Amino acid sequence: MSHDLVCKSLVQRLSNPTLDKMDDSAILELNGRTAFTTDSYVVSPIFFPGGDIGRLAVCGTVNDLAMSGASPLYLGLSLIIEEGLPFAELDKIIASVLKAAAEAGVKVVTGDTKVVNQGTADKLFINTSGLGVIPDGVNISGANAVPGDKVIISGTIGDHGMAIMSQREGLRFTIPIESDCAPLNSLVADMLAASANIHSLRDPTRGGLATTLNELADQSSVGIDLEEELIPINEAVRAACELLGFDPLYVANEGKLIAIVAPADAEAVLGAMRKNAYGGGSVIIGEVTDKHPGRVNMKTLLGASRIVDMLSGELLPRIC
Amino acid sequence: MKYVDEFRHGETGKRLLDRIARVSKKPARLMEFCGGHTVAIFKYGIRQLLPPHIEMLSGPGCPVCVTATADLDRVIALSQQPGVIITSFGDLLRVPSSRSSLQQARAEGSDIRIVYSTLDALDIARKNPDKKVVFIGIGFETTAPGIAASIIQAKKEKLKNYYVMSLHKLTPPVTRALLDSGETKLDGIIAPGHVSAIIGAEAWRFLPEEYGIAFAISGFEPLDVLYCINRLIDQIESGQPKLETAYSRVVRPEGNPTALKLMYDVFDVAPSNWRGIGIMPGSGLAIKPELATFDADKVFDINVGEPALEPAGCLCGEVIRGITTPTECKLFAKSCTPEHPVGPCMVSSEGTCAAYYHFGGSLD
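Protein chains in written order, with my numbering: chain G, 1 to 320; chain D, 1 to 364.
Hints listed in this document are in silico derivations from the structure and should not be mistaken for laboratory results.
It cannot be assumed that every hint is accurate.
Claimed, not checked - The list that follows gives simulated cross-link-like pairs (lysine-lysine, DSS-like), each with its CA atoms no further than 27 Å apart: (1) G:21 / G:107; (2) G:123 / G:99; (3) G:99 / G:8; (4) D:131 / G:123; (5) D:43 / G:299; (6) D:298 / D:132; (7) G:291 / D:334; (8) G:299 / D:14; (9) G:291 / D:14; (10) D:43 / G:291; (11) D:2 / G:299.
Bear in mind that the values here come from a model prediction, so they are computed numbers and not experimental data.
Sequences are here, hints too, so could you generate the full structure?
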């Protein structure tokens, strides 16, 4: 696969006026407070049920912008390709980059490709950076949660992580679990239109719901109380977690968000979320408290209370 | 989820708890043998829902936790031999040994792979005929039959590069040893569900009959554990300990004869080295002499060089024997955390220290 060929074909596929100029930098006009983020994607396998590394790379960065309350506008896209990656596979991934970008309403305005020797990368690594503008009056931060706020999750947890696990080589485990990988900016826009009192937004990716809630509790110096029976988990994901010894609270999501919302607006926000294609399963799972700051507690199915800790180390399979 | 949700039903759980509170009068010290039970008890907050005079202790039922440091040192030394691929279950990787851990050995270039089953280890052996693939067999009677089956399969396929290091442990002998030591006084035992599925309930008859201890085998869902505690409380209150199975959907009196046959076709009962307890006769499984070509201990010359060192201040040995709780250890949640574990009980997902760390702490 020649480098020039890749470059040409990519620019053709991703074509837009800013990119097509082919200058060293994209020149953009931005108005207002600007959010800027970057992330690298190294998922293995690069194709998985419900998505691929291309869709993930667009959605991940779009979602990081959306969680700051920004409307995502522009993406930078960098590919590090391992020599020998079939062109057809790359082509498929670029098609899904395009599809996800179109869905999120963002343009790829700058990019780069490098082809490296076999063994120095694993098929394909992608870095995306994103720029977005924060509308006036929007102030969302992990530090804004206050006691009394409601904690909302936008749907079932653990789908992405278990989709990857079920696909990974050596696990020999195939049940129909699809990644939830999705751009959440339209969902956030609908939520912002419904309420001016959304205090925090976060997408529970690596480390899952438990880790993200711990981060929020820490950042806002508040406690969070969850109710185990309210947390939505897809049946197949639950079964897979049971089999493999994972706790779904710690399994990654790529198309879900946690919203911390003033109690008076919680129902309005829920209503708006449920109307969006990516928020149909939204529910309240707990609330913010001034007790036990920095800690997440959960009322278990038996009515006892236990700590929900952060993820430590890798998720490793149990042995018996 | 069918056959799971029924055993997590909150209302039924509350009824079982009410019954315990109503019936239980005498102080009772109950030990759950198995790490899986420890996790279920903490995850659902069962300890805090029991009357204060019922005391719960965690036992030695976590395979990683009872693996001796000296054995782990040998695994690491073996991993450093040329051409060797070590395969093992995940938890073992992070356990600190005398001077290193498998994870560290891997970072330094040893080929160490996590597998979910011995079938994967066999596959690695088939695909790497020029390498020597060693499976580290840890665990109790639950994992031993599957590992035995892999040796039989390797023999059938005439695989010349598959080996097992058998560090298996047997549960009835260690239970007897704990009670004989007199360090821990128990009124009842929440007996291991999966082990009993293999060895059968009858293998435990000595506990109620010789030791006079209340005994019931439990499953791993919260209602299983609560039902089991109800059985134990009834025995304690009536003063009539007996052999009961509170997990009859899985455990039969005679166990699983097919699994037992596999196990004893491949292994002989042998002494085993337990962390915190030492070498105990008749408490482990060694590969039979006629299958010695699959026995890593016979095939490889494993030279550790230095004697095993236990981590200074670590009380895992005492925690495993049920004579100390994790919070009594000076290292707990200070220098010993799941991120930087000092002892194995903090590493394993079934370790008592890890359960205290993740789910316990002070709840206000």
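Structure-inconsistent hints, enumerated in ascending order
none
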